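Heads up: the protein sequence lines correspond to chains A and B, in order. Residues in the first sequence are numbered from 23 upward in steps of one, following the working numbering. Residues in the second sequence are numbered from 166 upward in steps of one, following the working numbering.
Just so you know, the hints here were simulated from the structure itself, not pulled from any lab data. Computed from a predicted structure; not experimentally measured. Do not take every clue at face value.
In silico DSS-like cross-links for lysine-lysine, where the CA-CA straight-line distance does not exceed 25 Å [to be verified]:
(1) B:K350 to A:K84
(2) B:K313 to B:K393
(3) B:K350 to B:K496
(4) A:K210 to A:K185
(5) B:K496 to B:K393
(6) A:K185 to B:K245
(7) A:K203 to A:K185
(8) A:K84 to A:K70
(9) A:K84 to B:K470
Derived, one-sided and incomplete: chain A residues facing chain B with beta-carbon distance under 10 Å [claimed, not checked]:
(10) P45
(11) Q69
(12) S73
(13) G168
(14) P169
(15) E230
(16) E235
(17) R259
C-beta atoms are modelled at their ideal positions from N, C-alpha and C, and glycine is treated no differently.
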Amino acid sequence: MVTPQEASRRRRIVYHAALNRLPSDMVSAAVRLCDREFQALPVFSVQKFLSRLTEAVGPPPKPGELFAAMNRLRVVTDLEEIGPDPVGPTTPAKSQPAPASTPAPAPMRTRPPSSPSLSLDVHIDSWPAAFGALLAGLLLELQRLGPDLPAAAREGVALRLQKVDLGPHGYAEMNAWADEKLTVFTTKITMADMHTALHEFYVWLCEELGPIETDRLFGAVIRDVSALPGAVQFPPRNLM
Amino acid sequence: MTPEVQVMLNTLWVVTAAILVFFMQAGFALVESGIVRAKNAINVIMKNYCDMCVGALGFWAVGYGLMFGVSSSGWYGTTKFAVNNAEPFEFSLLFFQMMFAATAATIVSGALAERIRFNAYLVGSFLITTLIYPVFGSWAWNDNGWLKQLGFIDFAGSTVVHMVGACCALAGLAALGPRTGRYAKDGTPRPIPGHNLPFVALGGFILWLGWFGFNAGSTTSADLSIGKIALNTHIAGAAAVVSTITLCGLLGRPVLLTTIVNGSLAGLVAITAGCAFVTPGSAILIGLIAAPIMFIGEAFLDAFKIDDAVGAIPVHGFCGVWGTFAVGIFKESGTDVRQMCIQLLGSAAAFAFVFPTAYVMYRIIGSWMQLRVSSIDEQRGLDFAEHGEVGYPEFQEGLLHGGTASTGAAPTVPRPAVTTTRPVVTAPVGRN
Chain A
23 MVTPQEASRR RRIVYHAALN RLPSDMVSAA VRLCDREFQA LPVFSVQKFL
73 SRLTEAVGPP PKPGELFAAM NRLRVVTDLE EIGPDPVGPT TPAKSQPAPA
123 STPAPAPMRT RPPSSPSLSL DVHIDSWPAA FGALLAGLLL ELQRLGPDLP
173 AAAREGVALR LQKVDLGPHG YAEMNAWADE KLTVFTTKIT MADMHTALHE
223 FYVWLCEELG PIETDRLFGA VIRDVSALPG AVQFPPRNLM
Chain B
166 MTPEVQVMLN TLWVVTAAIL VFFMQAGFAL VESGIVRAKN AINVIMKNYC
216 DMCVGALGFW AVGYGLMFGV SSSGWYGTTK FAVNNAEPFE FSLLFFQMMF
266 AATAATIVSG ALAERIRFNA YLVGSFLITT LIYPVFGSWA WNDNGWLKQL
316 GFIDFAGSTV VHMVGACCAL AGLAALGPRT GRYAKDGTPR PIPGHNLPFV
366 ALGGFILWLG WFGFNAGSTT SADLSIGKIA LNTHIAGAAA VVSTITLCGL
416 LGRPVLLTTI VNGSLAGLVA ITAGCAFVTP GSAILIGLIA APIMFIGEAF
466 LDAFKIDDAV GAIPVHGFCG VWGTFAVGIF KESGTDVRQM CIQLLGSAAA
516 FAFVFPTAYV MYRIIGSWMQ LRVSSIDEQR GLDFAEHGEV GYPEFQEGLL
566 HGGTASTGAA PTVPRPAVTT TRPVVTAPVG RN
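The shape of chain A in the complex, shown without the other chains (with noise of 0.2 Å):
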């Protein structure tokens, strides 16, 4: 394994030269392949790495503007110059959102959606405890493809779902979390809401990122989330 400073200068070099030149969901894929296969090798080779990638998910549309971009980006010395780490703590995750001042708490806890990891100390005790420990692991998927992502996915998701049939405690609270208001959802908002947001939230997601790495990315939420104490009686799974 190289150095965290190396392994986080080759993330960056992949991820700026990518970013404008591939498709996002092309982009969030290199990072990935960056991390689990030229990690662990002491030189990192620009042109092998296209090979691989081009194995992995298909030729890149302009493959030669792309080797020509991550070559400029090696040379330069500087880490923040190259621009900031996708997923290091460069990129500093959004601040904190405050708790719901409008809807009552359930009596439940989730995790915030900027928090580092699901950690086991949460416990899923509801239906919106599970929903709301899905939206935040989701937010944090994202926020690891891409520092924007997040905001987009909350503005994508709260437009999508003007267009849909929400109850009206389902609107008020999916509104507020659009506007990172709301991180707890009381047990006002329906099973159907819920269902539904979600779908939208795939729906929204498929279309930005594609199909295939929607389902992965919903995949690993949902087995992150079916991890959590609690969520045997609540399986996250059954929102979907």
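Got chain A; can you put chain B on it based on the hints?
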């Protein structure tokens, strides 16, 4: 050899060839289910299994008569419906042609995969095998068909079977639209890789095997031409694979299994029209040219955001046209410009009749019984949403959904794979 022995040999050969063509359904099922995601694998196989069945009944009752009945107008037959009494050999022909009709219908299955409702698809398949395919088939293959009278040559069905199937698929895609998220906002196609590439490879082998029955069986007699037809069929498919590999190299693309299998099918489709009329050398050329035509077809579809899940239209449509046209170029008697024009006319007639007819058909089906699954069903996968089961029950942990209503009853393990009734997928609990 006495005429009786010859008839017996013909019967044996035609029925054997029909069985090989029947086995192509398994090939289609494997190729298509392997290319789609795991959550839709069963749905694709179910479509292949069932379209053949509804198609068989429709073709026996109506299709065969429309296609091969007495056609005084040259546009459709008017006898031989629901054949119960006929010369013994006619039953063999009916059986053989029934398999062809099912092949035309099943080409549609893969193209529309992962989004069409099962029942709507079956209604479409029934109408294709009962009406659309036989009417066009009568133009080209009925002794009095107007295209046949003009001299149109399509020995085993590059246009009659494959292009007709592709036109129906195109119409279905126009009515359905792409899968959710298939195209990025800037129009870039996103790859949706299949879940089982060995299935695709095995399906490709089975299709190739079946193609020998498809082409060589079209002699409908056990004669000496069978050997050349089988040879031409084989080397055209082989040449198309070589051409596909070369093109991948020239274009800097990875040599993917799905591309290779589709490349071989492109060559096989292309040689289908002229397999009895060209030399083996020409068959190789036809196969070599089929691959770039398939690539052009793929680019064309992506340019118009036509989401053909398995690449059926480039393979069966574009290469069907090429193979039909190639008969005029490569036939053993020499290049014939008039023949080339007739061949183009035949393909144009197929498109002009089949595409709008199939499009109207799918629109009517859509307004009657909903053509496309809901986005929630697309999310969950059609295996579960349409059939209430999943393809790989041992791996249900990988499912995104719980497979039950969200009632709060909290089942911890997804529902059993086999059910007798369609599950309730949503159960809204009292709206506020």
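Taking the hints in turn, this is what the structure says about them:
Using a Cα cut-off of 25 Å, the hinted pair B:K350 and A:K84 holds, with the two alpha carbons roughly 18 Å apart. Our distance criterion of 25 Å between C-alpha atoms is met by B:K313 and B:K393, whose separation comes to about 23 Å. A C-alpha spacing of about 47 Å is found between B:K350 and B:K496, which places the hinted pair above 25 Å, so the restraint is violated. Restraint check for A:K210 and A:K185: the C-alpha separation of about 21 Å stays at or below 25 Å, so the hint holds.
Taking the CA atoms of B:K496 and B:K393, the gap is about 14 Å. The hint holds against a cut of 25 Å. Distance hint between A:K185 and B:K245 is unfulfilled; the C-alpha atoms sit about 54 Å from each other, more than 25 Å. Only pairs whose Cα atoms come within 25 Å are accepted, and A:K203 paired with A:K185 is accepted, the gap being roughly 21 Å. Taken as a hint, the A:K84 and A:K70 pair is honoured in the structure, with Cα atoms around 16 Å apart against an allowance of 25 Å.
At roughly 20 Å between alpha-carbon atoms, A:K84 and B:K470 fall within 25 Å of each other, so this suggested pair holds. At its closest, the beta carbon of A:P45 sits 5 Å from a beta carbon of chain B; the interface hint therefore holds under the 10 Å criterion. Given the 10 Å rule on beta carbons, the hint for A:Q69 is violated: about 13 Å separates it from the nearest Cβ of chain B. With its C-beta approaching chain B no nearer than about 9 Å, A:S73 sits inside the 10 Å limit, and its interface hint holds.
The beta carbon of A:G168 comes no nearer than 14 Å to any beta carbon in chain B, farther than 10 Å, and the hint placing it at the interface is violated. Nearest Cβ of chain B to the Cβ of A:P169: about 19 Å, over the 10 Å cut. The hint is violated. Evaluation of the A:E230 hint against chain B yields a held restraint, the C-beta minimum of about 8 Å falling below 10 Å. Here the hint on A:E235 is kept, as its CB sits about 8 Å from the closest CB of chain B, short of 10 Å.
Interface restraint check: A:R259 against chain B, minimum CB-CB distance 4 Å, threshold 10 Å, status holds.
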